[in-house]
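**Student:** Chain residues, written in single-letter form:
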Amino acid sequence: MAEPEILLVDNLTKTYRNGQHRLTVLDHVSFSLVTGSTSAIVGPSGSGKTTLLSLCAGLDNPSSGSVILNGIEIGNLNEDERASIRNQFVGFVFQAFQLIPTLTALENVMVPLELNGKKDAANLATDLLGQVGLGDRLHHYPTQLSGGEQQRVALARAFINRPRILFCDEPTGNLDSDTGEKITELIFELNKAFNTTLVLVTHDLELANKTQRILSLKGGRVETDEEVNISG
Amino acid sequence: MIWILKMAFRESRGSKKRLILFLSSIVLGVAALVAINSFASNLEDAINDEAKGLLGADLVLKARMPFSEDAESLIDSLGGRQSQEIMFTSMALFPKIPDTRLIGVRAIEEGFPFYGILETYPANAATEFRKNNGALVDEGLMTRFGLQPGDEIKIGDVTFAIAGGILNIPGESIRAGLIGHTVFIPYASVTNTGLLQKGSQVEFKVHFAFDDVDAELLVESIKPTLVANRVSSDTVEERKEDLGRAFSNLTSFLNLVGFIALLLGGIGVASSIHVYIRQRLGTIAMLHCVGARSLQTFSIYLVQVFLMGLFGAILGCLIGLGIQFLLPMVLADFLPVEISYAVSFQAIAQGILIGTVVALLFALSPLLSIRNISPLHTLRSTYEDDNASKQDPLKWITYGLIAVTILAFSIYQTKDWVNGIGFATGLFAAFALLRLSAWLIVTTIKKYFPKSWPYEWRQGLSNLYRPNNQTVTMVLSIGLGAFLISTLYLTQNMLLNQVELSRGENQANMILFDIQDDQLEDISQTVREFGSPVIQQVPIVTMRLSKIEGETLESLRESRNRRIPGWIYSREMRSTYRDTLSPGEVITSGTWIGNYDGGDIPISVEQGIAETLELQIGDEIEFNVQGVPISGVVQSFREVNWQQVQPNFIFVFPKGVLEEAPKFHVLVTNTPDTETSSAMQTAVVQSHPNVSIVDLDLILSTVDDILSRVSYVIRFMALFSIITGLIVLTGAVMTSRFQRIRESVLLKTIGASRRQVLKIMVIEYLFLGVISATVGLILSLLATWILAYFVFEVAYVPNLIPGIVTLVVVALLTVLTGLVNSRGVYDRPALEVLRE
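Going down the list, the sequences are from chains A and B. First residue of the first sequence: 511, per this note's numbering; consecutive thereafter. First residue of the second sequence: 43, per this note's numbering; consecutive thereafter.
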């Protein structure tokens with residue numbers, strides 16, 4: 511039996527207005543992702559990668575078209591309803607880590623669970639931080655951690671809610687190649703362990719090639735949509 | 043909710059100091075309010091505790107003429123311990139110097155005060171002075187003339203030995219006798235002074251002390267007899283009420299000044315929280331990204347602000363409790379009682395409440411923007427919200443709440459709708475004008491930017507409108523402080539100038555009054571011998587208004603058909619007769635008739651009092667001229683310029699009516715200098731001790747003295763606003779510190795020297811200080827003009843010197859505060875900053 515679709519994007523268009531000027535960043539983009547798949551969105555700067563990710567993850571509203579995430583049309587929801595969807599089904603990893611500087615590693619990871627009112631947030635977060643190799647850095651603040659360690663915390667935070675889909679925006683962009691490599695491995699490892707659908711936005715073709723599918727954007731349109739033959 | 047509290051605590055890590063600094067701007071405002079309210083509560087307690095001492099007796103009966111036989115019998119029948127007193131103003135001569143001074147004489151029998159202590163030095167002088175025909179002289183007068191116990195004072199025909207100085211009279215602040223310093227003499231000696239002649243303004247009193255009589259009930263029972271005999275009464279309760287009302291007005295006024303400091307702090311909070319939220323953009327976006335609802339993130343920061351507001355308010359309360367110890371010193375000249383210190387929990391509760399509410403309300407507007415922060419900021423740091431430019435109705439509700447709070451507080455403090463609304467409106471207008479001026483200045487600088495100026499000047503100037511600039515906040519806070527201070531100085535200056543203007547050549551600057559018929563020629567001669575002109579010589583006849591349109595004042599008061607002010611009823615009025623109008627007088631209605639040719643006697647009435655008494659032209663009015671009824675008709679209404687140094691009158695009769703009535707004269711002259719003035723006064727008083735003299739120097743020094751004391755109190759209160767302004771400035775500088783560090787590092791990286799970076803900062807703060815102070819100064823000129831025109835009704839010629847001094851001081855303070863808080867900005871390592 512075919513896996514169900516977790517994300518369905520149909521004729522998605524995003525236009526920004528700047529005074530009299532209209533700038534179309536995404537132009538009638540359509541695709542769908544099945545649960546548990548891994549995909550990469552690639553393309554040159556300004557091709558609309560990040561905009562596509564923000565619309566798919568419910569961070570922004572489309573100008574037209576629709577995004578159905580986990581069976582829910584999110585384009586028509588208000589900000590708080592989308593926040594609830596993100597909290598339940600979505601995980602994020604950012605290039606700049608985006609940890610809350612005033613919270614410790616543990617507290618950063620606990621936030622999504624605490625928002626849900628989960629009682630055992632601290633235990634779950636401690637376990638997950640242990641899994642990403644930061645069992646001894648629980649009470650460190652982001653500024654006390656290296657870039658790689660910060661991204662591990664971000665990964666733990668992204669997976670703590672067992673999301674159905676994980677969006678990663680240039681997850682290794684701020685890291686050196688060795689650290690980047692380790693983080694990549696960890697992403698795929700956790701993705702597999704949690705059976706999450708992975709969407710990577712990247713410039714890095716080597717990283718993109720580790721996914722099952724590559725969507726290439728140019729000028730706001732899908733230029734190519736290719737299956738990747740993963741070996742090993 | 044627990045998560046919100048946890049997050050509020052976690053999220054404040056590393057920012058507590060900054061938050062405390064933000065909210066410290068409300069500390070002084072709260073401190074001022076708590077200090078004043080706590081002081082007011084202690085004062086009320088003290089007035090209650092020392093109630094009997096306030097009057098020195100259980101009951102005082104008083105009249106403006108000798109008690110009638112009926113009144114005397116009533117007084118005799120009341121029993122209890124009694125002490126008679128006669129009060130009047132007179133000239134006192136100090137033979138040792140020699141010099142003269144207008145004084146308030148209190149000839150008083152033994153017994154007074156029955157309660158409280160008449161404090162003198164030496165202490166026994168209070169009771170001993172009557173034994174050797176001695177006098178007690180107000181301490182201020184003793185100091186002024188360098189007098190010692192044992193020196194002499196001549197009042198009328200009697201020379202008294204000064205038995206001691208008066209330190210405190212029960213129920214009176216020493217400064218109550220500011221205009222006429224008080225001198226006590228034995229009651230038995232008053233007749234010998236020869237000063238109780240007809241025409242003198244004399245008050246007759248009897249002080250009572252009862253063992254088992256309720257003075258309030260007693261007064262109620264004898265009221266009809268008192269009214270019939272034009273005797274008024276004073277009881278402890280009445281004195282308490284009068285004092286309570288007076289001090290309630292004073293503390294309300296001080297509270298409003300303190301409230302301005304608190305509002306200024308509120309603006310500081312709003313500005314700081316705005317910057318704080320901007321700095322928290324990433325965190326808030328991340329929280330939204332992982333699923334926090336807007337209300338949740340909003341609540342996190344609301345809790346932080348609430349707790350910090352509470353902290354600021356509590357700190358303010360503690361400081362306020364300390365400051366209340368200073369207030370009795372500041373207000374020493376006005377206090378009738380010794381204040382003991384107690385913590386007023388009501389004042390603390392009020393302070394905490396209003397401090398927290400103001401902090402929350404002013405923080406609410408920037409906090410509300412949290413709801414619209416998009417999670418997209420996590421992906422793009424430069425993301426600009428489409429919603430940012432949209433008007434948020436909740437923000438307008440917040441502004442409305444702020445306005446309502448200000449209005450409610452103002453009305454609560456003034457206990458008067460009109461005054462409360464007036465104060466609030468004035469405040470809104472000042473804030474609006476300051477804000478508008480700030481916007482205009484920034485817009486003008488942008489539009490007409492001086493491109494040819496040296497780089498440092500251009501950079502300093504353009505920093506005023508850099509992104510996230512706080513120019514408007516600073517102009518508001520510094521400008522309002524400058525506005526308050528310079529309005530105070532300008533008003534004081536204006537009032538003194540007004541008096542000073544009367545000093546012109548040949549302008550009247552001295553008035554001699556209580557001159558008897560047989561003294562007139564001799565005194566005119568003395569005046570001329572000193573080379574001074576007799577500018578005016580006016581006969582004065584004392585009389586009482588007894589009937590209007592055939593109805594007695596008593597029945598008018600009872601029927602309330604007309605408003606009859608108490609003073610018209612109880613006081614003797616001084617009227618004159620003449621055939622011409624005085625300079626400055628204008629007939630506004632009816633016709634002026636200067637000579638009486640028979641028929642109805644035409645009387646001219648001052649316009650203001652005519653309106654009060656609801657008189658019409660043609661109304662019949664009757665006077666009791668020292669026992670003889672004289673009636674006439676209202677012939678004209680006159681506008682009188684009360685500011686002229688000359689005798690002005692409410693009722694003026696034509697020539698040919700009052701010539702034979704017992705009268706005295708007033709002589710108006712001009713002395714070229716204070717030496718001549720002093721010598722002339724001494725000569726007149728030595729030969730005619732009953733004559734009283736008021737000269738312009740006395741008026742000037744009195745006005746100056748009163749204004750100095752009042753403005754000292756206001757300046758003390760305005761200090762709270764000034765310091766709050768500096769705290770807001772400090773907060774603003776601290777919040778933009780990181781931006782400044784980045785800028786200076788960038789400048790350093792591309793080759794700017796320490797001197798250049800410093801110069802840019804000095805120029806920026808200098809512009810800020812000068813702009814703010816100039817705006818404040820312009821507003822204060824406007825406010826002073828409004829006060830001059832509408833309140834004091836004088837022509838206003840602005841004296842810019844106090845304003846310029848304020849401008850320079852404010853600008854320097856701004857530069858100093860800015861630089862002190864920017865220290866170390868240049869010294870941060872470039873790499874460390876650029877990597878942040």
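What the hints contain is simulated information worked out from the structure, not anything from laboratory work. Hints may contain errors.
As the list claims (entries may be wrong) - In silico DSS-like cross-links for lysine-lysine, where the CA-CA straight-line distance does not exceed 30 Å:
| hint | chain 1 | residue 1 | chain 2 | residue 2 |
| --- | --- | --- | --- | --- |
| 1 | B | LYS437 | A | LYS629 |
| 2 | B | LYS589 | B | LYS59 |
| 3 | B | LYS493 | B | LYS801 |
| 4 | B | LYS48 | A | LYS629 |
| 5 | B | LYS94 | B | LYS488 |
| 6 | B | LYS697 | B | LYS589 |
| 7 | A | LYS628 | B | LYS457 |
| 8 | B | LYS48 | A | LYS628 |
| 9 | B | LYS173 | B | LYS282 |
| 10 | B | LYS437 | B | LYS488 |
| 11 | A | LYS720 | A | LYS702 |
| 12 | B | LYS94 | B | LYS489 |
**Student:** Each of the hints needs a verdict: does it hold here or not?
**Tutor:** Status of each hint after checking the structure:
no. : hint                  : result
1   : LYS437(B) - LYS629(A) : 36 Å, violated
2   : LYS589(B) - LYS59(B)  : 74 Å, violated
3   : LYS493(B) - LYS801(B) : 18 Å, holds
4   : LYS48(B) - LYS629(A)  : 14 Å, holds
5   : LYS94(B) - LYS488(B)  : 67 Å, violated
6   : LYS697(B) - LYS589(B) : 22 Å, holds
7   : LYS628(A) - LYS457(B) : 53 Å, violated
8   : LYS48(B) - LYS628(A)  : 14 Å, holds
9   : LYS173(B) - LYS282(B) : 33 Å, violated
10  : LYS437(B) - LYS488(B) : 28 Å, holds
11  : LYS720(A) - LYS702(A) : 13 Å, holds
12  : LYS94(B) - LYS489(B)  : 69 Å, violated
Of the numbered hints stated above, those contradicted by the structure are hints 1, 2, 5, 7, 9 and 12, listed in ascending order.
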